[in-house]
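The listed protein sequences correspond, in order, to chains A and B.
Just so it is clear: in the first sequence, position 78 is 78 by the working numbering, and no numbers are missing.
Just so it is clear: in the second sequence, position 311 is 311 by the working numbering, and no numbers are missing.
Note that these hints are calculated values from the structure, not bench results.
Be careful, since some hints might not be right.
[To be verified] Footprint (simulated), chain B over chain A, 3 or more residues, beta carbon under 8 Å:
1. 192-203
2. 242-249
[Claimed, not checked] Within a straight-line C-alpha distance of at most 25 Å, the following computed DMTMM-like cross-link-like pairs (lysine to aspartate or glutamate) qualify:
3. A:LYS199 with A:ASP188
4. B:LYS262 with A:GLU237
5. B:LYS262 with B:ASP92
6. B:LYS173 with A:GLU62
7. B:LYS37 with A:GLU196
8. A:LYS293 with B:ASP186
9. B:LYS246 with B:GLU223
10. A:LYS132 with B:ASP178
11. B:LYS105 with B:ASP186
12. B:LYS105 with A:ASP188
13. B:LYS37 with A:ASP201
14. B:LYS262 with A:GLU62
15. B:LYS246 with A:ASP201
16. B:LYS173 with B:ASP186
Here the structure is a predicted model, which means the values were calculated and not measured.
From the three backbone atoms N, C-alpha and C, an ideal C-beta is built for every residue, glycine too.
Take a look at the letters that make up each chain.
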Amino acid sequence: MQESRLIVVKRRLTVKWEDFVLAIRLLERAQIWIAILLLPLAAFMLLPLVYLFNHAFKPLHELFLFPPTFIVREPTTSNFAELLALSESTIVPVSRYIFNSIVVTFLSTVAMVVTSAMCAYPLSKHPFPGSKIVLGLIMLALLFATEAVAIPRFIVIQSLGIMNTYLGHVLPLVALPVGVFLLKQFMDQIPNDLMEAAKIDGAREFTIFMRIVIPLVQPAIATISILAFQSAWGNTETSTLFMQEDAMKTLPFYMSTLTSGLANSVARQGAAAAGALIMFIPSLVVFIVSQRKVIATMAHSGIK
Amino acid sequence: MTGNATALSDKQSSAPAVGTKSSVSQRIHGLMTEMWKYRLSYAFIFPFMAMFIIFILIPVVAGVLLSFTYFNAFDFPTWRGWLNYQNLFSQDVVFLQHVLPNSFKFAVFVGPVGYILAFLLAWLISQLPSTLRTWYALAMYAPSLSAGVAMTVVWTVMFTGDRSGYINSFLLKWGIIDKPVYLLIDQDYLLNIMIVISIWSSMGIGFLAILAGILNVDKQLYEAGKIDGISSRLQEVWYITVPMMKPQMMFAAIMSIVHTIKSGGIGVQLSGSNPTPNYAGQLLLDHISDYGFIRFELGYASAISIFVLLLCYVLSKFFGFLFAPKEDE
């Protein structure tokens, strides 16, 4: 099963490689210069990530080699085993953090995408009283880093009584102003006639929303999903501030406990590297799957 | 409760729009029927707005109120007026001597320099044919996907203070230094390393917006420009590309401000302590969490937060002024 998947991946890679060669043949001279100029920069950008992959598979003796090596020589999965073993001695196993992370990320991504889409639709297509104020507030909130108001947020969560629950993880993340904004910009492109025609045919608002609007804004939905996924998957704020019970915390929080003080100690380096890779791969996969749609969406991101 | 809040703000907004000559009661009546007509729209925005009001709007308002009080998280806040702000700008030595200069240096490099770099990169990449373009764009965007916490593993190993750190090992090998430097703890280096890392991870959706904006510029405009006497690529960028994509530039600017503020916590992650060694990498957000969650002076910490939010607002107004569409466009 896994092998057959590997073959599919390999095939895709080879196809891409042929495209790549073809593309190089078609380049103009200026383009070749640009490509060469950008190559070291691209390498610089990717280097730490390549390193992350290699580091996670290094056996213990290679981790502290001098001079340090970049590429792994004898790849092993012992770091991942160590990460799992490390938690057996503690009260909360890593699998619990991973489980929490998956649940929280899934729930909040779905909630963010659904509420953003529902909010963006009337903002774009219905001139209801107050729509300008709502839009203005959301635009203003685009530039607020919620980290800055962590203290009042803490008080709000506390008084709602949702500390140490999954709700405490999910609800604070749901309002994603960027999501509403991007979707609204994208929905502005849909011609109003389309909706009028549907109305004449007897469609209700909800049907129009589900059958016409949502399918047409698919690229934007993909983009929002990535942003939502990223903000939820890497979030440490909710775990640090709103969860006192260790069993309710998430993987990024566990990673931060592994890495704190890493500069001065040699212990658990392998486990930390393995954990870091586990953190990174889902984001990368999600992005690669939907990158075309993302770039298509960003064309409509302008603020006028 | 939240429904009422929106309804109230709605009333204020559109009251003047509905027939200015009619009496107040008639106006309210007209507004109510208008609102009833759009009841479905309100239902659609309700879930988002409820969360927005509870977790963003109320905290910001509460933050403003708290910033005028003394609050230690246990007793009821006591009113202090402008004292917190006065102390912030006259008494707080750490803030004035370390946090502000650090934040300024950090923001100048990560903000404008990162922004200009993003534009340059996006422009260069946009000149490439599409297959190659996708690969380069992916390479530039990938770092911003990496969650901050996870990458700490990489950075700490790269910059480790003994000779097994990559940077140290490299510098030793080439004879630039003769003994390993404690890069992450030394106050001379910490802030610079933070800047490099933040720029590295800054090519996020702002960068993609710029790239998409450049690609969306109508090709015919360049042809027209050539006829009108534009001779170099530089002129093309300045007179056609940038003016045509002002809205995307604005969006990217706002994303850049947010990224700069958010990546503030990186110093604490790298050095493993808050406050950072000798306050070398102390930025605004670290100062907030130092006062808020270590010393529990929540009122004072709120005053710093409000200062940060105001700063963001002023900066975005400045960018809005730069990229506002002119009358004739």
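When the structure is checked against the list of hints, which entries are broken? Sort them ascending.
Failing hints, ascending: 1, 2, 8, 10, 12, 14, 15.
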